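Protein chains: 4
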Amino acid sequence: MITYETTLRILYAHTDVMGVVNNVRYLEFFEAGRNELMRSMGYPYPQLEAKNVALPLVDAHINFKTPARYDDMIRIVATLKEMPTVRIKIDYEIFVGERIVVTGYTTHSFLDLKKFRPVRPPEDFMDVVRKLMNN
Amino acid sequence: MITYETTLRILYAHTDVMGVVNNVRYLEFFEAGRNELMRSMGYPYPQLEAKNVALPLVDAHINFKTPARYDDMIRIVATLKEMPTVRIKIDYEIFVGERIVVTGYTTHSFLDLKKFRPVRPPEDFMDVVRKLMNN
Amino acid sequence: MITYETTLRILYAHTDVMGVVNNVRYLEFFEAGRNELMRSMGYPYPQLEAKNVALPLVDAHINFKTPARYDDMIRIVATLKEMPTVRIKIDYEIFVGERIVVTGYTTHSFLDLKKFRPVRPPEDFMDVVRKLMNN
Amino acid sequence: MITYETTLRILYAHTDVMGVVNNVRYLEFFEAGRNELMRSMGYPYPQLEAKNVALPLVDAHINFKTPARYDDMIRIVATLKEMPTVRIKIDYEIFVGERIVVTGYTTHSFLDLKKFRPVRPPEDFMDVVRKLMNN
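Protein chains in written order, with our numbering: chain A, 1 to 135; chain B, 1 to 135; chain C, 1 to 135; chain D, 1 to 135.
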């Protein structure tokens, strides 16, 4: 299990007329968490792109537990629980303080950006994941 | 089953560096479809709000099938398949022409906006749903 | 002067905790208006792209007059007032009914997408503009 | 002059098909800068709201200088140059490293949230501004 926490300040632009963060914003917070998780692993996302590999979403799920509000500092916890295969799944938990706001996950395929076809994950990426999973 | 189709033009603002519509945008397209589905039922969402009832999301799921691109005209098909209880579930299919782009659903609770507590759906809303379901 | 009106429904996703459309959303509405203005001219934006020309923004200005709200149908009036040179300026007025909500403009350069350098506007685009301006 | 710098990581969700940050995103980055400027002054925005005062935008201007790209860490420098009157103007400069990306400003009125009418800025806010301006 590899996990990392990113923090982010809620803006007016994230909220809606109901007075809380609008649902359409959470997938962006998931991306922020996923991005920093990979950086924390020593394998930032642009390193995948440099190998012509991208991680388009296969599916996404969000459970809305409690509202986040303007000026809240949210904590986005992104976690890799299982070894990637041709797909990789990231889990997310978003908190305000210790209160859970949202849980969810995204599944991604490894995509060859030149051929626009699925590929196996790069070997050096799998090496990094294996090492961190065994710690 | 009650279903309605809304169309929407893809903008540059919806796309990302991969050249396709970015995943964070689809929940907004779901809202556009849901909004027009309710209007088509003769019970637009503001009519719920006038009764101090809102429909916050409980969960959301998106399956990404194929990409949508800049200037595509997407067709958002929103469908109510089951009678609402204390919750209501809407299904979505997004197409470019006949090609499926995304499927998914959102589940909502009925929320009393004054007490910020779950409530039963308003009777006149249920009447409308029953009539249309029986057609 | 070439002008075109596009309509668009305001969603929850566009609003903020103040109960009105959030300011960050208007540049997207401007794009929707600009996009349909060009289509109405018989020269949709992808036709420019097919000539490897893009229209990145040089500057943008927005005057916020009155609020737009959830479920409003906004009318986005986009207007080309002056002959393009190496730049093109589009003016916008957004209304709810007859009430003015926002005015503004965007200025764009013509960009060669291969060399990533400014270029003169394509001749066939200028022909289209000249004909419509003289009507 | 009161100035503060906020940093923010560029996501895929911020970019568009041209490969750079889409123009519609910069007003949100301005809000992030403005928000942290006020916090740095010891008068965070929610303190205004607690006095039933909000700062809706009167106008906004953006000059697009050079592109920002995916995974760039942008520096948002927000500056208050002049004493507020019934309005307050904030200037912004956004950088990637030392390279300027965008400049601009927003002008805001002080709004009484109960009466939805313009008001004078709260005295304790003006005291804070005066003290910091004289340093």
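Think of the hints as simulated: they come from the structure by calculation, not from any bench.
Remember, it's a predicted structure, so these values are computed and weren't measured experimentally.
Among the clues, some could well be false.
No distinction is drawn between identical chains; accordingly, a pair holds when it is met within one copy or between any pair of copies.
What the hints assert, rightly or not - Straight-line alpha carbon distances no greater than 25 Å define the calculated DSS-like cross-link-like pairs of lysine-lysine that follow:
hint	residue 1	residue 2
1	K115	K81
2	K131	K114
3	K114	K81
4	K131	K65
5	K89	K65
6	K131	K81
7	K51	K65
8	K115	K65
9	K115	K131
10	K51	K114
11	K81	K51
12	K114	K65
13	K89	K51
Cross-check of the supplied hints:
no.: 1; hint: K115 to K81; in the structure: neither (29 Å within a copy, 39 Å between copies)
no.: 2; hint: K131 to K114; in the structure: neither (29 Å within a copy, 42 Å between copies)
no.: 3; hint: K114 to K81; in the structure: neither (29 Å within a copy, 41 Å between copies)
no.: 4; hint: K131 to K65; in the structure: neither (34 Å within a copy, 33 Å between copies)
no.: 5; hint: K89 to K65; in the structure: both (21 Å within a copy, 17 Å between copies)
no.: 6; hint: K131 to K81; in the structure: within (14 Å within a copy, 47 Å between copies)
no.: 7; hint: K51 to K65; in the structure: between (38 Å within a copy, 24 Å between copies)
no.: 8; hint: K115 to K65; in the structure: between (40 Å within a copy, 17 Å between copies)
no.: 9; hint: K115 to K131; in the structure: neither (30 Å within a copy, 43 Å between copies)
no.: 10; hint: K51 to K114; in the structure: both (10 Å within a copy, 23 Å between copies)
no.: 11; hint: K81 to K51; in the structure: within (24 Å within a copy, 44 Å between copies)
no.: 12; hint: K114 to K65; in the structure: between (40 Å within a copy, 19 Å between copies)
no.: 13; hint: K89 to K51; in the structure: within (20 Å within a copy, 40 Å between copies)
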